[in-house]
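Protein chains in written order, with my numbering: chain A, 151 to 594; chain B, 92 to 359.
Because the hints were derived from the structure by calculation, they are not lab data.
Nothing here was measured: the structure is a model prediction, and the numbers come from that model.
Some clues are possibly wrong.
[Said to hold, decoys possible] Calculated Cβ distances over 10 Å to all of chain B for the following chain A residues:
(1) F413
(2) I478
(3) A487
(4) M579
(5) K589
[Claimed, not checked] Incomplete in silico selection of chain B near chain A, CB under 10 Å:
(6) D163
(7) N180
(8) G183
(9) V187
(10) L190
(11) A192
(12) F204
(13) P205
(14) S207
(15) Y209
(16) N211
(17) G258
(18) L278
C-beta: ideal position from N, C-alpha, C; glycine also.
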Amino acid sequence: MSSGGEQNRNTAVPADDDYHKRTREQVYNSLARRYRKEKLFRSLGMLSVVFGIVCVVVLFGDIGRKGIGAFWNTWIQLEVTLDASTLGITPESTPDAIQHANYDAVIKTALLSRFPDVTARADKKALYSLVSSGAGDNVRNLLKKHPELLGQKQVIWVLADDEVDTFFKHTRKLKLPETERSITDKQVAWVEQWIASGQMEKRFNQLFFEAGDSREPEQAGIRSALAGSALTLLVTLLLSFPVGVAAAVYLEEFAPKNRFTDFIEVNINNLAAVPSIIFGLLGLAVFIGFFHITRSVPLVGGLVLTFMTLPTIIISSRAAIKSVPPSIREAAFGIGASQMQVVSQHVIPLAMPGMLTGAIIGMARALGETAPLLMIGMVAFIVDIPHGITDPSTVLPVQIYLWADSSERAFVERTSAAIIVLLAFLLVMNGAAVWLRNKLERRW
Amino acid sequence: MMQDTQYPEKTVGIPLVDDPKMTMRNVSVFYGEKQATFDVQLDIAKNEVLAMIGPSGCGKSTLLRCLNRMNDTIVGCRVAGDISLEQENIYGKMDVVPLRARVGMVFQKPNPFPKSIYDNVAYGPRIHGLAHRRIEFDEIVENSLRRAGLWEEVKDRLDQPGTGLSGGQQQRLCIARTIAVNPEVILMDEPCSALDPIATAKIEELIAELSENYTIAIVTHSMQQAARVSQRTAYFHLGRLIEVNDTERVFTNPQHKLTEAYITGRFG
Numbered sequence: 151m152s153s154g155g156e157q158n159r160n161t162a163v164p165a166d167d168d169y170h171k172r173t174r175e176q177v178y179n180s181l182a183r184r185y186r187k188e189k190l191f192r193s194l195g196m197l198s199v200v201f202g203i204v205c206v207v208v209l210f211g212d213i214g215r216k217g218i219g220a221f222w223n224t225w226i227q228l229e230v231t232l233d234a235s236t237l238g239i240t241p242e243s244t245p246d247a248i249q250h251a252n253y254d255a256v257i258k259t260a261l262l263s264r265f266p267d268v269t270a271r272a273d274k275k276a277l278y279s280l281v282s283s284g285a286g287d288n289v290r291n292l293l294k295k296h297p298e299l300l301g302q303k304q305v306i307w308v309l310a311d312d313e314v315d316t317f318f319k320h321t322r323k324l325k326l327p328e329t330e331r332s333i334t335d336k337q338v339a340w341v342e343q344w345i346a347s348g349q350m351e352k353r354f355n356q357l358f359f360e361a362g363d364s365r366e367p368e369q370a371g372i373r374s375a376l377a378g379s380a381l382t383l384l385v386t387l388l389l390s391f392p393v394g395v396a397a398a399v400y401l402e403e404f405a406p407k408n409r410f411t412d413f414i415e416v417n418i419n420n421l422a423a424v425p426s427i428i429f430g431l432l433g434l435a436v437f438i439g440f441f442h443i444t445r446s447v448p449l450v451g452g453l454v455l456t457f458m459t460l461p462t463i464i465i466s467s468r469a470a471i472k473s474v475p476p477s478i479r480e481a482a483f484g485i486g487a488s489q490m491q492v493v494s495q496h497v498i499p500l501a502m503p504g505m506l507t508g509a510i511i512g513m514a515r516a517l518g519e520t521a522p523l524l525m526i527g528m529v530a531f532i533v534d535i536p537h538g539i540t541d542p543s544t545v546l547p548v549q550i551y552l553w554a555d556s557s558e559r560a561f562v563e564r565t566s567a568a569i570i571v572l573l574a575f576l577l578v579m580n581g582a583a584v585w586l587r588n589k590l591e592r593r594w
Numbered sequence: 092m093m094q095d096t097q098y099p100e101k102t103v104g105i106p107l108v109d110d111p112k113m114t115m116r117n118v119s120v121f122y123g124e125k126q127a128t129f130d131v132q133l134d135i136a137k138n139e140v141l142a143m144i145g146p147s148g149c150g151k152s153t154l155l156r157c158l159n160r161m162n163d164t165i166v167g168c169r170v171a172g173d174i175s176l177e178q179e180n181i182y183g184k185m186d187v188v189p190l191r192a193r194v195g196m197v198f199q200k201p202n203p204f205p206k207s208i209y210d211n212v213a214y215g216p217r218i219h220g221l222a223h224r225r226i227e228f229d230e231i232v233e234n235s236l237r238r239a240g241l242w243e244e245v246k247d248r249l250d251q252p253g254t255g256l257s258g259g260q261q262q263r264l265c266i267a268r269t270i271a272v273n274p275e276v277i278l279m280d281e282p283c284s285a286l287d288p289i290a291t292a293k294i295e296e297l298i299a300e301l302s303e304n305y306t307i308a309i310v311t312h313s314m315q316q317a318a319r320v321s322q323r324t325a326y327f328h329l330g331r332l333i334e335v336n337d338t339e340r341v342f343t344n345p346q347h348k349l350t351e352a353y354i355t356g357r358f359g
């Protein structure tokens with residue numbers, strides 16, 4: 151049998167010089183073609199990478215260019231007289247009366263004394279509209295802090311109106327004709343006077359991070375949306391991580407492998423591909439329709455996003471559990487560890503980095519999710535900052551959606567600014583995922 | 092040509108002993124439809140080293156892993172027949188956790204936990220509640236490492252990861268981890284196949300020492316190793332136990348043609 155094999159091999163592979171030469175030539179001939187293919191593939195790959203980078207740079211650049219302005223706002227210096235009769239209060243007034251005093255009148259008086267030649271009613275109105283409708287708040291805060299200033303003259307800075315803000319920050323240097331800008335030549339003249347006397351300046355827009363939503367762009371902030379997002383994500387994380395990990399551990403380690411568990415596995419994979427708005431509908435029907443939980447609250451939002459995140463966490467946790475080397479499992483079993491001890495003392499600690507990475511990626515997706523939250527009413531106009539999971543709130547992406555829909559020009563840059571904040575959050579979360587994985591990953 | 096050789100009706104030699112620690116009667120193991128061993132009758136005597144040899148796929152590892160039910164985790168694996176540890180059927184009422192504490196296992200590839208050397212050895216006693224105070228653990232760890240011949244090499248770095256040791260040291264650490272729970276039987280599944288000759292020699296020395304206190308069953312591909320460490324040798328072929336005899340006899344005067352063919356290197 152073995153000698154027969156030798157014979158066969160001799161006939162199949164003739165070992166003469168001619169044959170060697172031919173083989174060599176064939177190999178050399180095919181070289182050019184092979185390298186050409188490799189080159190083509192390489193350049194294609196490079197091209198797609200370059201395309202991707204260009205897209206990202208354009209996107210980030212555009213958002214950054216549009217949004218960076220929103221991090222500064224415009225302030226106007228006014229000399230106000232805290233006159234008791236104008237305010238409609240007396241030194242003995244209650245705090246409640248001070249709260250509701252007529253601060254707008256003080257602002258108006260201050261404006262008129264700055265530009266004494268304004269007398270016509272229409273001009274006065276145009277002048278008043280240069281400061282924010284929230285300018286009175288600046289005066290109120292001052293008086294509440296220092297009630298002894300009543301009746302005195304004070305130099306204070308008040309917030310400018312969003313049109314003035316836009317003009318001061320952006321359109322002023324463009325020297326547009328009156329028809330193409332939203333403030334009149336007269337208003338521009340007043341603004342120029344302020345600028346000339348140093349009574350108008352740009353400051354860091356703290357309000358953007360401290361205030362809730364507002365109809366006035368200069369007073370609008372993302373604080374309520376941020377708090378809403380944080381509360382919603384907290385609910386999502388607290389529900390989806392333990393449930394997802396428990397489900398993954400059970401399916402991988404304890405469940406019998408049969409048709410039923412196969413069916414479950416297939417359906418978990420299917421769930422991961424379900425459009426998120428469907429989860430919103432489900433949440434609307436179940437939590438609001440059946441359980442009668444309030445609309446627009448982070449509790450429901452978190453529950454809906456839990457539906458959406460669970461499959462991601464289960465799938466990545468199962469992959470992480472599967473990647474724990476069987477030798478570790480064997481070692482623990484071989485020494486008499488029970489199934490539970492093997493799982494809790496060996497499998498879960500070793501799978502933890504993978505599970506956490508999956509969870510954070512799921513959370514990042516949940517943070518950017520809008521559609522299902524629209525279904526459960528988190529698309530509301532929220533001024534107050536939510537403090538609990540049952541306070542009405544909105545989330546960052548929904549806030550972006552709302553602002554993008556607003557007609558005021560100044561919301562354009564606020565939309566982009568909110569996107570910048572959202573992206574920063576996503577980057578931080580993804581960075582945390584990478585950091586956690588590197589920190590917890592153990593070699594074996 | 093080997094296919095023509097008849098299997099013996101009954102295992103050749105002396106499969107059964109007077110004072111068995113573990114007994115196997117009519118053991119057939121199935122992986123789904125495939126039968127891996129056929130009606131194996133074999134005893135392991137107290138404090139002996141039994142070597143199990145045979146070509147790849149002969150069922151020796153499968154059988155070894157039945158002895159502490161490590162095959163339980165394999166889906167579709169079924170064991171027919173009777174395996175007993177001191178007359179008690181291990182597939183009957185006996186719980187698998189105490190069984191594995193009594194019948195320990197050392198694997199082919201060293202598999203220390205990704206924990207410190209100390210925690211590797213202390214793990215078994217900890218989960219079985221064999222010790223409670225730190226000083227008791229210290230004692231068990233030191234004794235086990237000493238018996239595994241590793242103490243002198245690692246006593247100054249017990250807090251370092253066990254995975255940082257060399258291959259041979261890792262395998263001795265795994266042996267120390269196994270003997271830390273003081274098992275009655277130690278199963279070794281080709282414990283030296285991933286080691287260099289010097290590390291192998293150390294493990295073999297260790298096996299000889301351990302056989303004073305423990306009953307050992309070792310699966311090996313190295314006939315020299317079987318000859319060096321064991322008192323009895325069992326030869327398996329395609330799931331059948333062909334011959335069991337005193338090791339010296341098997342290697343000098345095999346009774347069955349298949350055994351002879353294998354040990355003379357005509358296949359393997």
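Outcome of the hint check:
no., hint, result
1, F413, "holds, 17 Å"
2, I478, "violated, 6 Å"
3, A487, "violated, 5 Å"
4, M579, "holds, 27 Å"
5, K589, "holds, 15 Å"
6, D163, "holds, 8 Å"
7, N180, "violated, 18 Å"
8, G183, "violated, 18 Å"
9, V187, "holds, 8 Å"
10, L190, "holds, 8 Å"
11, A192, "holds, 4 Å"
12, F204, "holds, 6 Å"
13, P205, "holds, 4 Å"
14, S207, "violated, 12 Å"
15, Y209, "violated, 15 Å"
16, N211, "holds, 9 Å"
17, G258, "violated, 13 Å"
18, L278, "holds, 8 Å"
Consistency with the previously given hints fails for numbers 2, 3, 7, 8, 14, 15, 17, ordered from lowest to highest.
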